[in-house]
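Participant: Chain by chain, the residues:
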Amino acid sequence: MHELIEATTTRTNPGIDPTLHIWGWEIVVYLFLGGLVAGIFVLAAALELRSGEKPKGDALRLMPFAALGLLSLGMVALWLDLAHKLWAWRFYLFFHATSPMSWGAWILVLIYPVGLLLGLGSMSEAQRAWLRGKAPKALASLLEKGFAWADGGRRGILRTSVGMGVALGIYTGLLLGTMPSRIAWNSAVLGPLFLASGISTGAALLLLLPLEEGERKTLVRWDAAAIVAELVLIALMLLGWATSGDAGQWAAAQFLGGPYTAVFFSCVVVLGLLVPLAMEAIEARRNVPFAVMLPVLILSGGLALRWILLTAGQHSAFRFLP
Amino acid sequence: MSASSPAAKRYAMTVDTRQCVGCKACVLACKAENAVPDGFCRQWIVEEVRGEFPRLSAEIRSERCNHCTDAPCVKNCPTGASHVNEGGVVLVTHGKCSGCKACIAACPYDARFVHPEGYVDKCTFCLHRVQKGLPPACVGVCPTGTLTFGDTNDPESAVSTLLRERRSKVNHPESGAGPNVHFLV
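Residue numbers (the working numbering), protein chains in the order written: chain E, 1 to 322; chain F, 1 to 185.
In case anyone wonders, no lab produced these hints; they're calculated from the structure.
You may find that some hints are simply not true.
Reference listing, derived: stretches of chain E covered by chain F, where coverage requires no fewer than 3 residues with Cβ under 8 Å from a Cβ of chain F [what the hints assert, rightly or not]:
id : region
1  : 8-15
2  : 74-86
3  : 89-95
4  : 138-151
5  : 178-191
Everything numeric in this text was worked out from a predicted model, so none of it was measured.
For glycine and all other residues, C-beta sits at the position ideal for the given N, C-alpha and C.
Input sequences plus hints: build the corresponding full structure.
Facilitator: If you want it as structure tokens, here you go:
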């Protein structure tokens with residue numbers, strides 16, 4: 001048997017060797033905030049579609065604007081990661097259907113007007129009056145048109161918001177999942193997994209707001225469903241790898257006995273998913289709300305999921321296969 | 001002429017692992033020809049030792065971008081900077097590259113890097129020399145005749161003849177990218 005005992009290379013390119021480390025905290029922050037915003041879009045629109053009424057709490061009514069602020073923060077992180085920052089506009093001279101990053105660049109632009117209309121339509125009369133008072137006179141007619149558009153096609157805007165949220169959430173996962181070269185990313189499950197995680201973290205952020213009791217109960221129930229979906233998708237991801245060829249089995253081994261096992265199962269599966277799910281079950285049955293701990297655990301778990309997967313994927317390559 | 005036309009060129013390289021002594025002349029010639037900055041390289045030498053002492057075998061390979069037929073870097077580039085040029089050579093248009101690094105993550109061979117000027121850089125098969133009828137710098141300088149460059153769509157080319165007459169392999173065929181650097185074994 002010709003067992004490989006040593007491989008040496010003269011290549012020591014920065015960012016590439018000894019293992020890939022091109023994407024750091026900036027991409028983790030972006031993927032986390034992108035998912036979070038996707039979740040807020042889906043949930044805010046779905047709550048209104050379900051009840052047929054605008055959100056009751058003032059804070060919840062303004063969440064679409066806060067979501068756009070968070071997305072902008074994420075885009076700043078994304079921009080900081082670019083090696084050629086002045087060339088960022090190049091994304092918008094081209095559309096490449098086979099590049100998830102190209103899809104993402106355009107989704108990020110299209111989601112802003114949808115979010116503005118979602119937010120304008122959610123505002124109470126008091127909030128609108130306040131905004132009218134603060135807005136420059138030159139923008140007054142535009143603002144009135146915005147309110148008219150937001151109110152006029154409300155159901156269409158809500159459905160589009162759900163669609164844009166789903167697109168944003170899925171793309172952040174597919175961005176990694178469609179790269180066969182990175183063995184520990186190469187799973188189509190990453191798209192729906194990041195979407196489910198985004199919906200869960202979005203719900204967690206909303207649960208930190210003062211909510212009407214019915215809204216809170218609905219969000220807790222939807223979050224529990226998202227967490228169960230995440231657990232199923234994580235199991236499918238690991239199962240898919242473990243039952244495939246050498247590359248998949250190597251990827252599965254990273255999380256099932258390998259270097260990422262402890263951190264993944266403790267920070268993501270137990271603290272980020274199972275414990276919050278148990279808290280939600282207690283809240284539903286005993287009516288004991290976990291006001292801060294529940295959202296904080298979910299948000300931390302969502303951040304850890306992206307951090308661990310981003311790192312594990314970069315540390316995976318065909319050249320590491322035995 | 002499109003790359004898929006029967007008469008189109010399909011450039012490829014063979015690396016004779018029975019000839020390579022790992023002298024690194026190819027690495028240095030590439031750095032000099034392409035002004036590759038200090039601390040970076042577009043090509044490199046890999047030495048693999050197999051077996052147990054004293055029954056050992058060694059293989060030395062001169063490696064670089066594989067100019068894949070179904071290049072994942074090109075598919076993942078959001079700005080069109082990474083593209084397929086004449087003869088199937090994969091190039092990066094520096095002025096279009098935002099340095100997002102998606103192509104680096106997509107490359108099965110880790111053959112790309114971020115140039116200090118902000119764009120992604122890699123082997124070009126020295127297309128600027130090939131277009132003048134010269135071999136790539138690494139091929140021209142190799143003292144043992146390890147490297148052969150040519151058009152695999154031309155059955156009479158040296159590279160086609162070698163691939164026909166010798167046994168060869170490619171790195172990581174499981175990537176599905178269709179690499180065009182072949183290692184003669």
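Participant: For each hint, tell me whether it holds in the structure or not.
Facilitator: Do the hints match the structure? See the list:
1. 8-15: It holds, with 8 qualifying residues against the three required.
2. 74-86: holds (count 5)
3. 89-95: As far as the region 89-95 of chain E goes, the hint holds, because 4 residues have Cβ atoms under 8 Å from chain F.
4. 138-151: violated (count 0)
5. 178-191: It holds: at least three residues are needed, and the region 178-191 of chain E offers 5 whose Cβ sits within less than 8 Å of chain F.
When held up to the earlier numbered hints, the structure conflicts with hint 4 and nothing else.
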